[in-house]
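K.L.:
In the order they appear, the protein sequences are chains A and B. Here the numbering used here is used: the first residue of the first sequence is 897, the next is one more, and so on. Here the numbering used here is used: the first residue of the second sequence is 255, the next is one more, and so on.
Note that these hints are calculated values from the structure, not bench results.
Calculated pairs, DMTMM-like style, for lysine to aspartate or glutamate (alpha carbon to alpha carbon, straight line, at most 25 Å):
| no. | chain 1 | residue 1 | chain 2 | residue 2 |
| --- | --- | --- | --- | --- |
| 1 | A | 974 | B | 284 |
| 2 | B | 734 | B | 673 |
| 3 | A | 974 | B | 289 |
| 4 | B | 502 | A | 1002 |
| 5 | A | 974 | B | 275 |
| 6 | B | 419 | A | 1043 |
| 7 | B | 419 | A | 1002 |
| 8 | B | 502 | A | 953 |
| 9 | A | 974 | B | 498 |
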Amino acid sequence: MRRIIRRRELVADDARYGGEEAAAGTRRVRPAAEFIAALGAGHAIAAGAAILVGPTDEVETLAPHLGLLDLIVVEFPKIGEGRGFSQARLLRQRYRYGGELRARGELKRDQLFFLARCGFDSFDLAPGENLEASLGALDAFSVAYQDASDELVHVQRRPNPA
Amino acid sequence: MYRYDQIDRTLVNERVAQFRDQTRRFLAGELSEDEFRPLRLRNGLYIQRYAPMLRVSIPYGLLSSVQLRMLAHIARSYDRDYGHFTTRQNIQYNWPALERVPDILADLASVEMHAIQTSGNCIRNITADHLAGVAPDELADPRPYCEIIRQWATLHPEFSYLPRKFKIAVTASPADRAAVEVHDVGVRLKAGPDGEIGFEILAGGGLGRTPIIGKLIRSFLPQADLLAYLEAILRVYNRHGRRDNIHKARIKILLRTLGAEEFTRQVEQEFEAGREFAPQLTPQAVERMRGYFAPPPYLKLEDATPAIGGASSGSPAYESWLRYNTRRHKVPGYRVVFVSLKKHGEAPGDISGAQMDALALLADRVSFGMVRATHDQNLVLADVPQSALAEVWRELDALGLATANIGTLTDMICCPGLDFCSLANAGSIDVAKQIHARFDDLDYLYDLGPIEIKMSGCMNACGHHHIGHIGILGVDKHGKEWYQITIGGSSAAPAALGEVIGPSVPKEQVSETIARLLEVYLRERHGDDERFVDAVRRIGIEPFQERVYETNHTPA
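Working from the sequences, and respecting the hints, build out all of it.
P.N.:
Pasting the structure below:
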């Protein structure tokens, strides 16, 4: 059973991606482009949908439809991929997406703190990463210099910062 | 200078703990080489030709004597008793053991230093004019803004995994001693219509294998928007910069592909759209930061000495040092002293532990306990009373740090090259030594006037060869070291890229080639005041090519 970190807890992965067999307790996560195309074709989409956002997807196109979504999975297909950090901040702050925002891919515990600060609240880390040990990485730092989307981590900031 | 409070201290200590754990996991086999690489790189740790190399950050080149002593201690305790100052005002250690690096970082943290973001695809050390705060020609001290940018950039959650490295430089002087036109972002302080401080913003400059001069993308940015605008630039770059090809991943390629106009439009659009959540720089925050960079307690002194060109001290060596290694200070009675790290026989930028310790002591005595690193790999004692100059010269001379060659041909910028770097195609240190040996006559150097040689051992251009008046680039030809020569480059405003004079030359002919370039210059120059680079601009490269590639090119 695949496990993910959700809001500081280890839980069973509830997502199912293209080609994976349906299993109890999982939901299909469809590519963002497919979701946009379905909307464009006039298909009715019930609220509570889940989509997968790739590094080159423009989150601006999702902005009018965020009310239909309660899970957005942002992909990090390679070590060092960084576009998802910007996508997350835009979704959370500029477009006020309030549902679950998951980071998935070639991610280790070393990126968790930054991911959480950008607004991710669930994490599907690289296979083999020690998830129990990873939970602690959300508290790698107790202070920060910048404002961000800090719901999940607790950082102290200077009272009168830049 | 900036002093850490509890927030800064905690951040640096927690970073040490994080890196200690990352190193432990790598050594225990929990992290593969590929997984560890981006983690160690963003903490300045390279695996080099013979050993790891650790690059320590010196924000905008400013060091206290306490910090300099710690750098000496690290050189002695963890390395081979020397350090190497770089073109980005940092220091590198070439021989630390990987497993001891966390201890080095802990030692650095104890004196408010770190190696955070000195490498890797993130925002690197913020560099600045090494004469900030003392230069007579500056609009205002740029360092408070450098520190504000440094803090904003440090462990920035959104911009820590960029397509490629990102370098920001700040200047407040029209002379531009920080080479802002060849940085990913260049920030120039500028007075607004009512005299208020704002900024001119350049983007997309850089050297490497595709050298490009930065483009002006904002002619006046209000102070309050500095970080918001940087954030907009970084977001456009992070989202749209290429990640499929490491050689096309810098912001300069994005800017060139989009065109400056379209790039600027995207940045401005992002800047407007992002206002709600972007950081705003309050006047109070700037004032608070300015307080850290208040002028030291200068004495009221007469601007009496030095009588350069006036009454002789009786020591020609001292007179030369005074003329070449010191500069005017904006406060009467004081002078800026350059500490030359370009002595014949030494690798440019190298300094021993004992020299660092002695310099720290000297700084405590005569320069308010502060030292600066310059981007051309020298050090500076910025606030020396003129009455102490003779004593400072004697001490520096005894330390081997008073070679009177600042701004002359042998004040070369030079990367570590093949001797240390695993990227290099050719040696640079031994070529620097060859040039030193050939041009060791100071009177000849003085006659040549200001001339900048910059040398890189590969096209990554750490030695800034494109913007040298004479640039030297090491290339590999069938396993042999050859050197491509460019002339006419400049880092000072207006920046310019040098032109290649022709086929590369073998190693043993580099100094002969330079001798021929200089011969043409001395023949062609207009009066004594026309610099080499100005002569090249006036007459073009052809006369130089003719002389260099004449037949019977005799080996040096």
